[in-house]
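Once you've looked at the hints, dock chain B against the given chain A.
Here's the letter readout for the chains.
2 protein chains.
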Amino acid sequence: MIFVGILTNLKKEARVVGFDDAPFRKGIDHETLVVGTIYRGGQFMDGVISTHVKVDGHDATRKISEIVVRTKFYPQLQAILLDGIAVGGFNVIDIWQLHEKTKLPIIVVIRDYPDYEKIEAALVKIGMRSKINLLRKAGEPEPVDEIFIQCAGCSQQEADKIVRLTSTHSHIPEPLRAAHLIAGGVTRGESKGRA
Amino acid sequence: MIFVGILTNLKKEARVVGFDDAPFRKGIDHETLVVGTIYRGGQFMDGVISTHVKVDGHDATRKISEIVVRTKFYPQLQAILLDGIAVGGFNVIDIWQLHEKTKLPIIVVIRDYPDYEKIEAALVKIGMRSKINLLRKAGEPEPVDEIFIQCAGCSQQEADKIVRLTSTHSHIPEPLRAAHLIAGGVTRGESKGRA
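So the sequence lines, in the order shown, correspond to chains A and B. Sequential numbering from 10 applies to the first sequence in our numbering. Sequential numbering from 10 applies to the second sequence in our numbering.
If you are wondering where the hints come from, they were derived from the structure by calculation, not from laboratory data. Among the hints, erroneous ones may be present.
For chains that are exact copies, the list does not tell them apart, and a pair is met inside one copy or across any two.
[To be verified] In silico DSS-like links for lysine-lysine, alpha-carbon gap of 30 angstroms or less: (1) K110 to K72; (2) K72 to K134; (3) K110 to K201; (4) K72 to K35; (5) K81 to K170; (6) K134 to K63; (7) K81 to K35; (8) K81 to K110; (9) K201 to K21; (10) K201 to K112; (11) K21 to K72.
This is chain A alone, in the form it adopts within the complex (with noise of 0.2 angstroms):
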């Protein structure tokens, strides 16, 4: 199911969600906590959703899509962004079944260009190799000022337009920016900033 076109009534004070997780003690810890911000455009936190996923798990894509459309927020919500394509270290997210379960457009923002190469031979390694695919089903990531994107469910252009719409204080969108320092902070007791 393909909803391009969803965004393009898109109002400065458009909701959004944005995940991140929480660092984790590899080894050590079996969960981590998945936090999820409400904005309305780049500026007004609304809300904040969370969850746990299982370490090198494959929960999060349920989930994640759980906690979005149980959310008193979901009938207003116009996109999903997500902070890279895995929580809690190889637990990846499936954009394309995200997409079909919420029935909202996916823009997984990326910081870095993957070393796609590395990433999938430590796949291979530990036993993951299935997982391969949830990567290569999410396309190829396109750059963004300076940024990359992929996206499920609305076009690249739209996947654009929220990006800028939301990125009112550096070139990362505050939910996601919002999301990382209260996943961090909440579960290190001081976040640590990125962008």
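Frame of chain A, contents of chain B only:
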């Protein structure tokens, strides 16, 4: 130690931290999360800090002052905002001690004028009579627009100024509004707005 005048050079981008606590299950949880959001003025979230305090305990003043002086933003901080004078139930904050430990003005934001008679009776009933003193020491809540404030380490005028400067989207300062959404959202899975 009184720092009247510390805020006279207050800029629009002044850094302040606002604290709120997470909901907890009475009789089950022994501790609860306290979240601090660091804002530049009323627009830009700069960082998130957090700690845990005992439900109905005595450690809130110490725990909060510790994370304030430890954060990398401490040298730039100009004030501490609190959403009410207690966290984790009756873990009452000694705002004068918090001011002394952090050398920062403390501003308590109160949504509804407290029913002191009822609170003091409750404290006596649960054997926490000593905390009545902390409540009284904090002074009379003064009205500012639709809320009330108490302060330690700055004048009422200075406190008014910082509250107005940071209240961009409602009559509640943004750092407190965000801390409330975050504490609820990461603990319960979805935040509940109050402002």
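Hints, one by one, checked against the model:
no.	hint	in the structure
1	K110 to K72	within (11 angstroms within a copy, 42 angstroms between copies)
2	K72 to K134	within (26 angstroms within a copy, 44 angstroms between copies)
3	K110 to K201	between (32 angstroms within a copy, 24 angstroms between copies)
4	K72 to K35	both (21 angstroms within a copy, 28 angstroms between copies)
5	K81 to K170	within (25 angstroms within a copy, 34 angstroms between copies)
6	K134 to K63	within (19 angstroms within a copy, 44 angstroms between copies)
7	K81 to K35	between (34 angstroms within a copy, 26 angstroms between copies)
8	K81 to K110	within (16 angstroms within a copy, 41 angstroms between copies)
9	K201 to K21	both (28 angstroms within a copy, 24 angstroms between copies)
10	K201 to K112	between (33 angstroms within a copy, 24 angstroms between copies)
11	K21 to K72	within (29 angstroms within a copy, 40 angstroms between copies)
Checked against the numbered hints above, the structure violates none of them.
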